[in-house]
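Below are the chains, spelled out letter by letter.
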Amino acid sequence: MHLVATAAGPLDGDHLGLSIDVAPGTSLSVFSVASTLALPGRSRLTVTARVGPGASLRYSPEPLVLADGCDLRVDVLLSLAGDATAFWREEIVFGRYGEPSGRCRSRFDATVDGVPLLRQEVTAGDPALHGSPAVFASARCAGSTLLVGDLPREVHLAEGCAVLPLAGPGTLVSALAADTVELRRRLEWGERLADKSLP
Amino acid sequence: MHGDMAMLLLADSRLPAGGHAHSGGAEEAVRVGAITGPEDLARFLRGRLATAGVVTAALAAAACEVGARPAPERWQRLDAEADCRISAPAQREASRTQGRLLVRTTRRIWPSEALDSLALAVPDGAHHPVALGAAAAAAGCEPRQAALAAAYTSVTAPATAAVRLLGLDPVLVHRLLADLAPALNDAAHEACVIQADDWSDLPAHAAPALDLLAEQHLRTEVRLFVS
Amino acid sequence: MSANHDDHHHAPDGHGRALRLGIGGPVGSGKTALVAALCRSLGPSLRLGVVTNDIYTTEDADFLRRAGVIDAERILAVQTGCCPHTAIRDDIAANIDAVETLEERFGPLDLVIVESGGDNLTATFSRGLADRQIFVLDVSGGDKVPRKGGPGVTTADLLVVNKTDLAPMVGADLTVMSRDAAKVRDGKPVLFTSIREDKGAHSVAEWVVGIVDAWHHEHAHSV
Chain A
2 MHLVATAAGP LDGDHLGLSI DVAPGTSLSV FSVASTLALP GRSRLTVTAR
52 VGPGASLRYS PEPLVLADGC DLRVDVLLSL AGDATAFWRE EIVFGRYGEP
102 SGRCRSRFDA TVDGVPLLRQ EVTAGDPALH GSPAVFASAR CAGSTLLVGD
152 LPREVHLAEG CAVLPLAGPG TLVSALAADT VELRRRLEWG ERLADKSLP
Chain B
7 MHGDMAMLLL ADSRLPAGGH AHSGGAEEAV RVGAITGPED LARFLRGRLA
57 TAGVVTAALA AAACEVGARP APERWQRLDA EADCRISAPA QREASRTQGR
107 LLVRTTRRIW PSEALDSLAL AVPDGAHHPV ALGAAAAAAG CEPRQAALAA
157 AYTSVTAPAT AAVRLLGLDP VLVHRLLADL APALNDAAHE ACVIQADDWS
207 DLPAHAAPAL DLLAEQHLRT EVRLFVS
Chain C
43 MSANHDDHHH APDGHGRALR LGIGGPVGSG KTALVAALCR SLGPSLRLGV
93 VTNDIYTTED ADFLRRAGVI DAERILAVQT GCCPHTAIRD DIAANIDAVE
143 TLEERFGPLD LVIVESGGDN LTATFSRGLA DRQIFVLDVS GGDKVPRKGG
193 PGVTTADLLV VNKTDLAPMV GADLTVMSRD AAKVRDGKPV LFTSIREDKG
243 AHSVAEWVVG IVDAWHHEHA HSV
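Residue numbers (the working numbering), protein chains in the order written: chain A, 2 to 200; chain B, 7 to 233; chain C, 43 to 265.
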């Protein structure tokens with residue numbers, strides 16, 4: 002399935018909602034035809050996904066670009082049945098070319114059979130924190146891919162990218178980069194190591 | 007209650023619970039050139055406080071509440087909430103090691119049901135903020151005091167490490183810490199906003215650069231600090 | 043101490059556990075060589091564990107593992123965050139944890155040796171970590187070191203002066219060192235060795251067997 006945005010956005014006042022249900026034993030892939038550009042003003046994006054027993058979900062839209070002046074709140078809730086699998090990639094670009102990052106606060110909660118697997122919030126565009134060597138350092142974009150399933154429990158590390166087996170049944174590939182091409186290359190490197198069955 | 011005194015003891019870097027050997031990512035940040043002087047260090051500390059600092063403060067506050075009515079199932083569930091907020095295995099390991107040492111030390115200082123039940127419920131070592139909150143409860147602290155102690159130690163450990171590793175002026179570094187006072191209050195405030203038995207909404211701020219530093223650190227041949 | 047003994051934290055009073063022997067002394071005096079020598083001499087008769095406190099990563103532990111004097115798994119390395127004396131004196135938590143981990147994995151043990159990172163003359167072990175301690179000097183530091191004293195020289199249960207083979211070359215007078223040490227140590231023992239020549243450090247090993255036996259008699263039946 003491809004998401005097609007009919008207008009640029011989200012922009013001021015928008016609240017976009019996406020609800021995904023993957024029925025037991027089925028598989029679904031969600032892509033988008035273009036990146037999402039968050040425009041100036043307050044907006045909200047909420048994604049809820051439920052993956053049933055034996056089902057599989059791949060969610061990998063094009064990057065989210067935070068235009069200067071945006072103030073976006075993103076909430077993602079991903080709940081999986083015990084034997085479901087998932088591949089969930091998110092990429093954020095801190096501002097269009099040459100401009101400072103807009104603000105974004107996102108929260109991601111993934112559970113497996115009701116047990117928390119990964120909870121993480123990301124705050125971008127706060128001038129006091131954004132460029133901290135502890136947070137995004139000098140990166141222009143950040144991304145992560147959560148893979149859920151029966152995966153090898155090995156840590157891998159390269160420049161700007163880490164493959165991190167979580168405490169629960171999943172692995173997080175986390176990357177920082179100077180541009181989207183480098184970001185995608187780093188994430189794909191990590192994804193293939195995290196799940197050797199990927200092409 | 008004697009919460010104020012206990013909070014000071016728990017936040018003191020001289021608490022004999024193994025904290026002196028952890029740099030909170032600062033050693034690796036120094037090695038790769040991400041921290042070279044006071045300006046970088048100030049930004050590192052601010053970023054750490056707003057992310058890992060707020061998360062540990064919130065978990066410590068929640069643990070302090072659990073400590074008032076301890077039960078194995080509640081400890082295990084809160085510890086799982088800590089687990090799912092720490093992506094890097096190196097950080098989970100460092101957190102559990104520090105938690106185990108803290109429980110060992112504080113059980114002798116403040117013998118209590120809170121700490122005994124935590125040691126039994128999570129025998130391989132609870133996450134550090136959970137242990138800190140349990141110790142705070144045992145010592146008579148309020149959740150806000152537990153949160154303050156947790157947020158404070160999240161920045162003092164890397165600050166001390168940077169003084170040792172870069173030979174920075176310790177007075178200047180303490181000034182940087184003093185400048186963080188409003189941010190520290192904000193962190194403790196955010197940590198205590200949500201306090202119910204459902205901990206799913208507790209803060210979960212990620213720090214991608216810290217995750218990378220933590221794993222790189224383990225692969226660095228010459229290192230002085232555990233984390 | 044808590045009333046609850048159902049978990050693995052040991053009582054701090056020494057009942058039912060191995061003797062913990064601290065080995066400290068300045069950088070390069072031969073602490074690691076002494077630990078290796080003791081493992082060589084005592085390994086056949088005593089159940090041993092070793093904890094090292096390295097300044098850099100796991101250098102000393104790796105040396106001991108390579109020396110092959112003790113099973114590699116029986117050596118644990120503790121990191122000390124730039125402050126080796128803090129880890130053996132002011133904040134001993136990580137060392138206690140390592141000692142207890144060895145006892146849990148391989149116990150019961152007779153002796154756990156804790157080697158400090160090389161430090162200065164004031165670094166001594168906390169009584170909360172080491173039941174007995176050895177301080178190691180070498181003759182090349184100069185024959186005035188015992189006279190100057192310092193907590194390591196004056197309070198250690200045994201003072202070992204190593205590298206006696208070098209004494210003529212560095213102009214150190216062993217008689218002077220022996221006399222000065224006796225004066226500041228209130229009659230506590232001093233042993234002179236050259237671990238390079240005596241790979242088992244037999245005089246020190248004999249002393250260690252003595253304290254292990256005494257410990258065993260004192261604590262064995264009171265668990």
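Since the hints were made in silico from the structure, they are not lab data. Every value quoted in this text rests on a predicted model; they were computed, and no experiment measured them. Glycine is no exception: its CB is placed at the ideal position from the N, C-alpha and C atoms. Incorrect hints may appear among the rest.
Chain B residues, not near chain A, derived (Cβ > 10 Å throughout) [said to hold, decoys possible]: (1) Asp46; (2) Ala86; (3) Ala210.
Just the calculated beta-carbon pair ranges, DEER-fashion [as the list claims (entries may be wrong)]: (4) Arg108/C with Arg186/A: 24 to 32 Å; (5) Arg114/B with Arg193/A: 26 to 34 Å; (6) Ala179/A with Pro193/C: 49 to 57 Å; (7) Pro176/B with His258/C: 56 to 64 Å; (8) Arg186/A with Pro150/C: 48 to 56 Å.
Any hints this thing doesn't respect? Which numbers, in order? 1, 2, 3, 4, 5 and 7
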